[in-house]
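Per the numbering used here, residue 1 is the first one in the sequence shown, and the count goes up by one each step.
Hints were generated in silico from the structure; no laboratory data involved.
Glycine is no exception: its CB is placed at the ideal position from the N, C-alpha and C atoms.
Treat the hints with caution; some may be incorrect.
[Said to hold, decoys possible] Below, in silico cross-link-like pairs of lysine to any residue (SDA-like), each with a Cα-Cα straight-line distance of 25 angstroms or less:
no., residue 1, residue 2
1, K67, T105
2, K141, Q103
3, K133, T147
4, K141, H99
5, K255, D165
6, K253, Q217
7, K136, D176
8, K122, T147
9, K141, N110
10, K133, S158
11, K255, E69
12, K133, T105
13, K255, S158
14, K212, K253
15, K255, T219
[Said to hold, decoys possible] Pair ranges (Cβ atoms, derived):
no., residue 1, residue 2, range
16, A124, D230, 21 to 29 angstroms
17, D108, T219, 30 to 38 angstroms
18, Q128, K215, 23 to 31 angstroms
19, V131, D176, 19 to 27 angstroms
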Amino acid sequence: STSTTTIVKETTTTSRPDNLVINDQSVCGNSIHYPIVYDENGSVSEEINRIDMEHDLKIVNGWPASKHEWPWIAALFNRGRQFCGGSLISRSHILTAAHCVAQMTRSDVNNLEVRLGEHNIKDALDTQVEVRKVNKIIRHKGFSSQTLWNDVALLFLSDPVSYSDIIKPICIDTSDDPYDKNETATVVGWGSLRESGPQPSILQEVTLRLWKNEKCQETYNGASPAGITDHMICAGRQGKDSCSGDSGGPMVKAKGDK
Numbered sequence: 001s002t003s004t005t006t007i008v009k010e011t012t013t014t015s016r017p018d019n020l021v022i023n024d025q026s027v028c029g030n031s032i033h034y035p036i037v038y039d040e041n042g043s044v045s046e047e048i049n050r051i052d053m054e055h056d057l058k059i060v061n062g063w064p065a066s067k068h069e070w071p072w073i074a075a076l077f078n079r080g081r082q083f084c085g086g087s088l089i090s091r092s093h094i095l096t097a098a099h100c101v102a103q104m105t106r107s108d109v110n111n112l113e114v115r116l117g118e119h120n121i122k123d124a125l126d127t128q129v130e131v132r133k134v135n136k137i138i139r140h141k142g143f144s145s146q147t148l149w150n151d152v153a154l155l156f157l158s159d160p161v162s163y164s165d166i167i168k169p170i171c172i173d174t175s176d177d178p179y180d181k182n183e184t185a186t187v188v189g190w191g192s193l194r195e196s197g198p199q200p201s202i203l204q205e206v207t208l209r210l211w212k213n214e215k216c217q218e219t220y221n222g223a224s225p226a227g228i229t230d231h232m233i234c235a236g237r238q239g240k241d242s243c244s245g246d247s248g249g250p251m252v253k254a255k256g257d258k
């Protein structure tokens with residue numbers, strides 16, 4: 001399985017652009033559902049109510065998202081193939097994973113497309129989708145393809161997008177410790193339904209329990225190229241995960257009314 005994007009405290013290679021407005025509280029983070037929360041027994045009655053039984057119930061073992069449920073999700077395409085996700089953080093910027101774009105040539109960047117307002121990536125007739133090219137990519141200066149530390153990058157869109165009911169930015173929590181390790185978070189994406197399996201047309205979501213890093217280190221330290229460190233966040237639930245194609249997409253948690 002692959003990682004999804006979260007926020008790290010280090011800076012990128014350049015200072016923040018003047019027009020990069022993060023946390024536009026008037027519009028960010030509003031969705032048609034709150035992220036699902038597990039009850040004290042670890043079950044989710046609401047999860048069953050949201051599932052459309054006509055679809056495969058997987059992101060890996062997730063379920064189809066409601067249309068435009070996550071208005072900040074971005075689908076990244078290269079030469080017509082969806083390969084990663086991202087999050088809209090301002091009208092002109094997408095946050096994604098550095099490993100999604102680390103090996104891109106100039107030709108790859110020229111062919112890179114960001115699609116916003118997507119739900120069914122196989123529906124070429126959806127007129128609500130906004131498509132943008134990418135002018136520039138900035139990777140975190142501390143990113144390493146060997147360790148996958150600081151796995152974060154910014155995409156600069158060719159033209160700003162207009163906010164609407166179906167396209168709006170994600171909120172970014174800038175507090176020192178935004179996650180309670182006993183809570184849950186939701187991952188969304190168009191990644192494979194199983195290892196080496198098919199890719200869905202419809203956006204999928206799965207809710208995962210956040211783990212304390214000590215438990216994550218005990219369980220998965222050997223699976224991470226350079227171990228589990230304090231600047232990482234672990235989340236999982238038996239049989240549920242993100243997968244190839246989900247990389248770069250958001251892991252979100254409700255905070256207040258956002």
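Against the structure, the hints:
1. A threshold of 25 angstroms between alpha carbons decides the hint, and for K67 with T105 the separation of about 34 angstroms lies outside it, so the pair is violated.
2. Proximity of K141 to Q103 is assessed by CA-CA distance (about 15 angstroms); at most 25 angstroms being required, the pair is judged to hold.
3. The suggested pairing of K133 with T147 is violated, with an alpha-carbon distance near 29 angstroms, which exceeds 25 angstroms.
4. Under the criterion of a C-alpha separation no larger than 25 angstroms, the hint pairing K141 with H99 is consistent with the structure, at around 13 angstroms.
5. With a C-alpha separation of about 20 angstroms, the suggested pairing of K255 with D165 holds against the 25 angstroms cut-off.
6. About 22 angstroms separates the Cα atoms of K253 and Q217, which keeps this hinted pair within 25 angstroms; it holds.
7. A C-alpha spacing of about 29 angstroms is found between K136 and D176, which places the hinted pair above 25 angstroms, so the restraint is violated.
8. Between K122 and T147, the direct Cα distance comes to roughly 34 angstroms. Violation of the 25 angstroms bound is thereby established for this hinted pair.
9. With a CA separation close to 22 angstroms, the supplied pair K141 and N110 stays within the 25 angstroms bound.
10. Of the pairs offered as hints, the one joining K133 and S158 holds, with about 5 angstroms between alpha carbons and a cut-off of 25 angstroms not exceeded.
11. A distance of roughly 17 angstroms separates the Cα atoms of K255 and E69; the hinted pair therefore holds under the 25 angstroms criterion.
12. As the CA atoms of K133 and T105 are separated by approximately 15 angstroms, the hinted pair is consistent with the 25 angstroms bound.
13. For the suggested pair K255 and S158, the alpha carbons sit about 31 angstroms apart, so the restraint of at most 25 angstroms is broken.
14. Between K212 and K253, the direct Cα distance comes to roughly 16 angstroms. Compliance with the 25 angstroms bound is thereby established for this hinted pair.
15. Taking the CA atoms of K255 and T219, the gap is near 28 angstroms; set against the 25 angstroms cutoff, the hint is violated.
16. For the hinted restraint 21 to 29 angstroms between A124 and D230, the CB-CB distance of approximately 44 angstroms leaves it violated.
17. In this structure the supplied range 30 to 38 angstroms holds for D108 paired with T219, their Cβ-Cβ distance being about 35 angstroms.
18. For Q128 and K215, the hinted distance range of 23 to 31 angstroms is not satisfied, since their beta carbons lie about 41 angstroms from each other.
19. Remark: the range hint 19 to 27 angstroms for V131 to D176 is contradicted by a beta-carbon distance near 37 angstroms.
In summary, the structure is inconsistent with hints 1, 3, 7, 8, 13, 15, 16, 18 and 19 from the numbered list given earlier, while agreeing with the others.
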